[in-house]
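Visitor: Single-letter residue listing:
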Amino acid sequence: MTPAYVVRRIGFYVLICAITLFFAVPMLWLASAPFDASPGLGVHWPDWTLDNFRETLAHPYAMHSMVNSLLICVTTAVAVTAFAALASYALSRVRLPGRDALLYGLLLLSSVVTGTAAMVPIFVMMFQLGLIDSRFGVALVMTGGLLPAAIFILKDFVDAVPKSYEESARVFGASTGQILRDVVLPVARPGLATILVWAFVNSWGNFLVPFLLIRSIEKQPGAVLLQTFTDEGGSANLSVIPVFSLLFSIPVVVLYLLVNSRYGFRFHGGIKS
Amino acid sequence: MATTTEPAPVQPARVRGPAQDVAGLGISRALGFVAPALLLIGAFLVFPAVWTIYIGITNYRLTGVEAVSPSIVGLSNYTKALNDALFHNALWLTCLFVLGSAVIGQNILGFALAWTMRRARPAVRRTVEALVLLAWILPSTVVAYLWIAFFDRDTGTLNSILGTQGTAWLIDYPMVCLVLFNTWRGTAFSMMLYSSALQAVPPSQLESARMFGASGWQTVRDVVFPHIRGHVLTNTLLISLWTANDFSPFLLTKGGPNHESETVPVYIYNVALQGGELGYSSAISFLLLIANLLVALLYLRLLRRRS
Numbered sequence: 001m002t003p004a005y006v007v008r009r010i011g012f013y014v015l016i017c018a019i020t021l022f023f024a025v026p027m028l029w030l031a032s033a034p035f036d037a038s039p040g041l042g043v044h045w046p047d048w049t050l051d052n053f054r055e056t057l058a059h060p061y062a063m064h065s066m067v068n069s070l071l072i073c074v075t076t077a078v079a080v081t082a083f084a085a086l087a088s089y090a091l092s093r094v095r096l097p098g099r100d101a102l103l104y105g106l107l108l109l110s111s112v113v114t115g116t117a118a119m120v121p122i123f124v125m126m127f128q129l130g131l132i133d134s135r136f137g138v139a140l141v142m143t144g145g146l147l148p149a150a151i152f153i154l155k156d157f158v159d160a161v162p163k164s165y166e167e168s169a170r171v172f173g174a175s176t177g178q179i180l181r182d183v184v185l186p187v188a189r190p191g192l193a194t195i196l197v198w199a200f201v202n203s204w205g206n207f208l209v210p211f212l213l214i215r216s217i218e219k220q221p222g223a224v225l226l227q228t229f230t231d232e233g234g235s236a237n238l239s240v241i242p243v244f245s246l247l248f249s250i251p252v253v254v255l256y257l258l259v260n261s262r263y264g265f266r267f268h269g270g271i272k273s
Numbered sequence: 274m275a276t277t278t279e280p281a282p283v284q285p286a287r288v289r290g291p292a293q294d295v296a297g298l299g300i301s302r303a304l305g306f307v308a309p310a311l312l313l314i315g316a317f318l319v320f321p322a323v324w325t326i327y328i329g330i331t332n333y334r335l336t337g338v339e340a341v342s343p344s345i346v347g348l349s350n351y352t353k354a355l356n357d358a359l360f361h362n363a364l365w366l367t368c369l370f371v372l373g374s375a376v377i378g379q380n381i382l383g384f385a386l387a388w389t390m391r392r393a394r395p396a397v398r399r400t401v402e403a404l405v406l407l408a409w410i411l412p413s414t415v416v417a418y419l420w421i422a423f424f425d426r427d428t429g430t431l432n433s434i435l436g437t438q439g440t441a442w443l444i445d446y447p448m449v450c451l452v453l454f455n456t457w458r459g460t461a462f463s464m465m466l467y468s469s470a471l472q473a474v475p476p477s478q479l480e481s482a483r484m485f486g487a488s489g490w491q492t493v494r495d496v497v498f499p500h501i502r503g504h505v506l507t508n509t510l511l512i513s514l515w516t517a518n519d520f521s522p523f524l525l526t527k528g529g530p531n532h533e534s535e536t537v538p539v540y541i542y543n544v545a546l547q548g549g550e551l552g553y554s555s556a557i558s559f560l561l562l563i564a565n566l567l568v569a570l571l572y573l574r575l576l577r578r579r580s
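Chains as they are written, first to last, in my numbering: chain A, 1 to 273; chain B, 274 to 580.
In short, the hints are calculated from the structure, not lab data.
Where is the CB? At the ideal position from N, CA and C, for every residue including glycine.
Each hint should be verified, as a subset may be incorrect.
Derived Cβ-Cβ restraints for the label pairs, each shown as a range [as the list claims (entries may be wrong)]:
hint: 1; chain 1: B; residue 1: A396; chain 2: A; residue 2: V78; range: 35 to 41 Å
hint: 2; chain 1: B; residue 1: Q547; chain 2: A; residue 2: L50; range: 38 to 44 Å
hint: 3; chain 1: A; residue 1: Q178; chain 2: B; residue 2: R399; range: 41 to 47 Å
hint: 4; chain 1: B; residue 1: A358; chain 2: A; residue 2: V74; range: 41 to 47 Å
Taking the hints into account, I'd like the entire structure generated from these sequences.
Guide: Pasting the structure below:
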């Protein structure tokens, strides 16, 4: 062990510690402030209490916005999964005319038409359709936005399913409907579950779409409501904000851990919160 | 929508996947399967994108006479953008934001993490990766609030650490804050991409580099980099695209103070919904769409060449 080696090792660990601190320190507030008797914006060892939770549960809009989030995100996730499943199966197994061009177009769309680039036309369109202030309208816009990427990720799953299962089912005289229901669906379940969670988590965190489209506070999902707590004339409600942030984050983390432990992290599909 | 999805386009090599209609679906039923998805994508993604072009050549406004009967004004929105100091400011700030937080911040930190964690103990590796991933998966409004608290003037954690109570970071140094924030937020993607890319570097080459006494930096530059050059390029394009379209600066600073952190997405929002100039903001949106399209085309071309 040369001195140079020791210095390098020490430098290595200092670097790792610095990076870890950089990532951990901003999150500490989320762990301490919800349980603190006098929550502020700083991080300190909490004076333990659960009063903030009681206050948050009693807040007129806090829990209501969670229900709104749930409504919007379940609708979005189910619609994305169902339509992407149908489309990706057909695109994987049937040589439709213009299929490759379509897939290329979808791939481009998924990254080119971003929420920020399309916010003005989307706002104008929903305004003229009378879908402003509609949770269903928010779910529709999110579904359209998530579908291209979902089709792509799912098509990858379906491509990887051996066709021999379907072939042998067919040899034994199964109808197309039976094959889809009893052979393809069970085999594709990990893919479907992943897409379901992926779409749910993405719409759960989406701020821009509901922020643009929803006007009344009783229809706002959690992502937007959190922003309104802050805006209340500078006097941020610091007993509700930390608890709400924590509660609002839990579903995302739990779902992520679930998918990660059951199916592993499939990186190439870009499974992202 | 990248704000909603940040999808990593999958390798187009797989575009030519298996195509044998083993279940006997038939063309017409297959079209029926594809139709609902395509209708939704058409209505809520393609149509808005195309419509931007039309709104962009009108003087459409949120309120007033032009809200009821907008008229076509040709390219005057685009000539206005050419002379709009605030738009130039937004472009410049977006370049800074992308360069600082994506091209430099996320790229370098992500690579450094992937490179160092390769040899770290599993427990250390898991802890660090979990933290970096957590920063990535938490909802954006929550994350924004964490950083507002972190930067707070009076009781913020940063001021407590540095002993600089009274420094209003988000007001005095808004762009530095945004760059730090977005580096923290997005590094996970680069870390994971580089982790998997590094597995393609032959261990024997790393071994011989060590036997010849190459330093860590020399190894990275001469042995590792040639293997992952393609990944570096595609990763940089992708995270730049996402960063340029990121709306979270709005959550931290709303573009302020006095337009000092008004990146293009925030500027579009402020012009459209605060200023009510839907026509003009559409013209700017269209420019953003074109920029996205160019980056995405380049990205796909590079990916295709690699595979």
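Visitor: Please test the hint of 41 to 47 Å on the beta carbon pair from A358 of chain B and V74 of chain A.
Guide: At roughly 46 Å between Cβ atoms, V74 of chain A and A358 of chain B fall inside 41 to 47 Å, so the hint holds.
Visitor: Holds or violated: the 41 to 47 Å window for the beta-carbon distance between Q178 of chain A and R399 of chain B?
Guide: Cβ of Q178 of chain A to Cβ of R399 of chain B: about 44 Å, so the range 41 to 47 Å holds.
Visitor: Within 38 to 44 Å or not, the Cβ separation of Q547 of chain B and L50 of chain A?
Guide: Holds, at about 40 Å.
Visitor: Range hint 35 to 41 Å: satisfied by the CB atoms of A396 of chain B and V78 of chain A?
Guide: For A396 of chain B and V78 of chain A the Cβ distance comes to about 39 Å; the hint holds.
In this structure, none of the earlier numbered hints is contradicted; all agree with it.
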